[in-house]
Amino acid sequence: MKRNLKIFWLLSIFSIKTTLQRRAGVISFFLGKILRFVFFFMFIYFLVSRSKLLAGYSLSQTLVFFLTFNFIDTMAQLLFREVYRFRPMVISGEFDSILIKPFHPFLKILIGGIDIIDFITIIPYFLLLIYFIAKIPHLNFFNIILYMGFVINGLCIATSFHILVLAVAIFTAEIDHALMIYRDLTRMLALPIDIYKEPIRSFLMFVVPVGIMIALPVKVLFGLLSINVLLLSGMISLLFIIFSLWLWSLALKKYQSVGS
Amino acid sequence: MISVKQLTKIFKTYVRSNNIITDVFHRQYKEKKALEKISFNINKNELVGFIGPNGAGKTTTMKILSGILFPTSGEIKVLGFTPFDKKYQFLRQIAFVMGQKNQLIWELPAMDSFELQKEIYEIDGDVFKKNIAELIEILDCERFINQPVKTLSLGQRMRLELINSLLHQPKILFLDEPTIGLDIFAQTTIINFIKEYQRKHRSTIILTSHYMQDVQRLAKRVILINYGQIIFDGQLNDLIVKYSQKKTIIITLAKPLTDNFTLPDGIEADYNFPQLKLTTNKEDIASTLAYLLKKIEFTDVTIEDEPIEEVIKKTFSSSTSSTP
Numbered sequence: 001m002k003r004n005l006k007i008f009w010l011l012s013i014f015s016i017k018t019t020l021q022r023r024a025g026v027i028s029f030f031l032g033k034i035l036r037f038v039f040f041f042m043f044i045y046f047l048v049s050r051s052k053l054l055a056g057y058s059l060s061q062t063l064v065f066f067l068t069f070n071f072i073d074t075m076a077q078l079l080f081r082e083v084y085r086f087r088p089m090v091i092s093g094e095f096d097s098i099l100i101k102p103f104h105p106f107l108k109i110l111i112g113g114i115d116i117i118d119f120i121t122i123i124p125y126f127l128l129l130i131y132f133i134a135k136i137p138h139l140n141f142f143n144i145i146l147y148m149g150f151v152i153n154g155l156c157i158a159t160s161f162h163i164l165v166l167a168v169a170i171f172t173a174e175i176d177h178a179l180m181i182y183r184d185l186t187r188m189l190a191l192p193i194d195i196y197k198e199p200i201r202s203f204l205m206f207v208v209p210v211g212i213m214i215a216l217p218v219k220v221l222f223g224l225l226s227i228n229v230l231l232l233s234g235m236i237s238l239l240f241i242i243f244s245l246w247l248w249s250l251a252l253k254k255y256q257s258v259g260s
Numbered sequence: 001m002i003s004v005k006q007l008t009k010i011f012k013t014y015v016r017s018n019n020i021i022t023d024v025f026h027r028q029y030k031e032k033k034a035l036e037k038i039s040f041n042i043n044k045n046e047l048v049g050f051i052g053p054n055g056a057g058k059t060t061t062m063k064i065l066s067g068i069l070f071p072t073s074g075e076i077k078v079l080g081f082t083p084f085d086k087k088y089q090f091l092r093q094i095a096f097v098m099g100q101k102n103q104l105i106w107e108l109p110a111m112d113s114f115e116l117q118k119e120i121y122e123i124d125g126d127v128f129k130k131n132i133a134e135l136i137e138i139l140d141c142e143r144f145i146n147q148p149v150k151t152l153s154l155g156q157r158m159r160l161e162l163i164n165s166l167l168h169q170p171k172i173l174f175l176d177e178p179t180i181g182l183d184i185f186a187q188t189t190i191i192n193f194i195k196e197y198q199r200k201h202r203s204t205i206i207l208t209s210h211y212m213q214d215v216q217r218l219a220k221r222v223i224l225i226n227y228g229q230i231i232f233d234g235q236l237n238d239l240i241v242k243y244s245q246k247k248t249i250i251i252t253l254a255k256p257l258t259d260n261f262t263l264p265d266g267i268e269a270d271y272n273f274p275q276l277k278l279t280t281n282k283e284d285i286a287s288t289l290a291y292l293l294k295k296i297e298f299t300d301v302t303i304e305d306e307p308i309e310e311v312i313k314k315t316f317s318s319s320t321s322s323t324p
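Protein sequences appear in the order of chains U and S.
In this text, residue positions in the first sequence follow this note's numbering: the first is 1, and each later residue adds one.
In this text, residue positions in the second sequence follow this note's numbering: the first is 1, and each later residue adds one.
Read the hints as simulated data drawn from the structure, not as lab findings.
Just to be clear, a hint being listed does not mean it is correct.
Said to hold, decoys possible - The list that follows gives simulated cross-link-like pairs (lysine to aspartate or glutamate, EDC-like), each with its CA atoms no further than 20 Å apart:
#  : chain 1 : residue 1 : chain 2 : residue 2
1  : S       : LYS12     : U       : GLU174
2  : S       : LYS200    : S       : ASP284
3  : S       : LYS247    : S       : ASP284
4  : S       : LYS101    : U       : ASP184
5  : S       : LYS220    : S       : GLU46
6  : U       : LYS6      : S       : GLU119
7  : S       : LYS86     : U       : GLU94
8  : U       : LYS17     : S       : GLU46
9  : U       : LYS17     : S       : GLU309
10 : S       : LYS247    : S       : GLU309
Said to hold, decoys possible - Covered stretches of chain S, going by a simulated chain U footprint (3 or more residues, C-beta under 8 Å):
#  : region
11 : 61-70
12 : 120-128
The beta carbon of each residue, even a glycine, is placed where N, CA and C say it ideally should be.
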């Protein structure tokens with residue numbers, strides 16, 4: 001474990017050093033992220049401050065949905081940025097040299113390239129999230145603990161999604177579209193899941209399951225879910241994680257590598 | 001140390017039809033046997049050359065032996081481990097160098113990659129310093145060790161790749177075309193280094209190269225592979241004895257040849273005064289020399305074996321003609 005942490009630390013330092021070599025790119029990417037966040041934040045603010053409620057949620061509650069989405073989404077990008085670079089690794093044969101290293105390949109291909117830009121942006125998201133949670137009346141301590149637990153559960157589902165993308169990349173050498181589908185699905189949860197009608201809502205919650213990943217922690221925070229739904233969601237998360245790991249090990253067996 | 005029994009690897013490849021609908025909804029695949037029931041053993045401290053044309057199955061064999069690829073069937077043991085299980089104890093005892101494929105961090109100096117290797121393989125600090133100093137000196141890398149890898153030439157990069165792969169002193173080293181694309185000086189440096197490294201560390205080395213001189217200089221034993229099957233496994237000298245039927249006599253003449261000079265039947269000649277190059281059957285060498293001594297005046301004579309490339313070519317030709 002200590003060795004893996006050291007390797008993760010070094011890979012992260014090297015990733016940051018590499019990113020900082022492209023200063024102009026870093027600045028424009030950072031500004032783009034901030035602008036997108038600010039525009040969407042303002043959109044929600046003006047929309048809900050005039051209508052007072054969105055699908056039954058107040059402005060602060062709606063912003064908690066949005067900020068929880070941003071926190072989980074940015075955390076996933078911060079940790080799993082290397083997944084976006086996996087396709088060239090497979091095509092160039094660089095992945096071969098990772099497979100012969102005495103550590104789990106996820107250490108490099110999944111979390112081996114943390115993104116400094118996301119690291120910077122997640123701090124204001126986190127502070128805003130705490131601010132708006134604090135503005136919501138009548139929250140109980142137990143629900144806050146459950147909220148944190150389900151945010152961690154959401155990050156586990158995000159991890160599984162990225163493992164699925166890696167597996168698909170081995171089968172098809174395709175990353176971009178798989179990631180685009182993932183990003184589009186998660187973005188649907190930037191607003192409360194209740195704005196969608198059935199069966200889309202259940203599909204997002206239990207089939208995909210981005211609802212469990214993003215909407216469920218917030219609903220737990222507001223005390224809107226029964227224990228049965230939480231247990232069912234926990235089981236779905238577990239099955240999703242098992243499925244992604246199974247597909248990954250199958251992908252490794254089917255991996256054909258590139259010729260020399 | 002390495003035991004391979006009845007190893008088969010089948011790749012599935014997509015066959016394109018002329019119908020786009022079929023290509024999308026009902027794809028056809030064909031199976032390609034990259035390796036077919038090959039068996040061999042390699043002992044400790046052996047340096048074995050894997051030789052074969054492109055697509056013969058050399059790299060596939062090495063990738064299966066190192067755990068990168070999953071074999072379709074067969075039994076493989078390397079250092080007592082099944083490679084695809086990717087056990088920590090197995091992986092920390094091997095290294096794989098791929099010519100023209102980069103394992104160093106591209107945008108940073110090689111020293112950063114070496115630091116990473118130190119943590120990955122848990123190399124003791126003092127051992128790391130000693131190994132790195134020794135390897136940098138032997139491969140003469142001091143000048144460019146702190147330059148970003150992307151700014152280096154291929155030859156410089158290859159030397160650093162070797163250091164990166166050898167820092168943990170692997171027991172088994174897979175070298176896949178380590179000199180490909182290098183100039184003659186860089187090639188010589190790498191080959192001399194590999195020879196010296198193996199002598200000093202008693203590692204087992206499996207080498208593939210399209211440069212037969214590399215193989216000749218390094219490997220006593222060669223495994224020839226073609227169409228996924230082993231067609232020869234033995235000493236390089238035995239291969240030469242078996243397949244090399246010709247010798248070349250190179251003569252430096254004292255005087256130009258006269259018009260009435262003739263050669264016995266079955267001798268091929270290439271004349272460009274003062275050099276006369278004759279290729280003859282091995283068993284006729286004595287009689288040919290006796291004949292030349294009587295007929296011409298010369299200042300120097302050398303007898304050479306057939307080039308190794310020719311011997312290998314003949315071996316493959318004979319195996320191809322016997323392949324159904």
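Structure-based check of each hint:
Simply put, LYS12(S) and GLU174(U) have alpha-carbon atoms about 18 Å apart, close enough for the 20 Å limit, and the pair holds. With a CA separation close to 43 Å, the supplied pair LYS200(S) and ASP284(S) exceeds the 20 Å bound. Restraint check for LYS247(S) and ASP284(S): the C-alpha separation of about 9 Å stays at or below 20 Å, so the hint holds. A distance of roughly 35 Å separates the Cα atoms of LYS101(S) and ASP184(U); the hinted pair therefore is violated under the 20 Å criterion.
Of the pairs offered as hints, the one joining LYS220(S) and GLU46(S) holds, with about 8 Å between alpha carbons and a cut-off of 20 Å not exceeded. Of the pairs offered as hints, the one joining LYS6(U) and GLU119(S) holds, with about 7 Å between alpha carbons and a cut-off of 20 Å not exceeded. Proposed proximity of LYS86(S) and GLU94(U) is supported: the alpha carbons are some 17 Å apart, at most 20 Å. Restraint check for LYS17(U) and GLU46(S): not satisfied, since their Cα atoms lie roughly 41 Å apart, outside the 20 Å limit.
A C-alpha spacing of about 47 Å is found between LYS17(U) and GLU309(S), which places the hinted pair above 20 Å, so the restraint is violated. About 14 Å separates the Cα atoms of LYS247(S) and GLU309(S), which keeps this hinted pair within 20 Å; it holds. A stretch counts as covered by a chain when three or more of its residues have a beta carbon under 8 Å from one of that chain; for the region 61-70 of chain S and chain U the count is 6, and the coverage holds. As drawn, the region 120-128 of chain S meets chain U at 3 residues by the rule of a beta-carbon pair under 8 Å; at three or more, the given contact holds.
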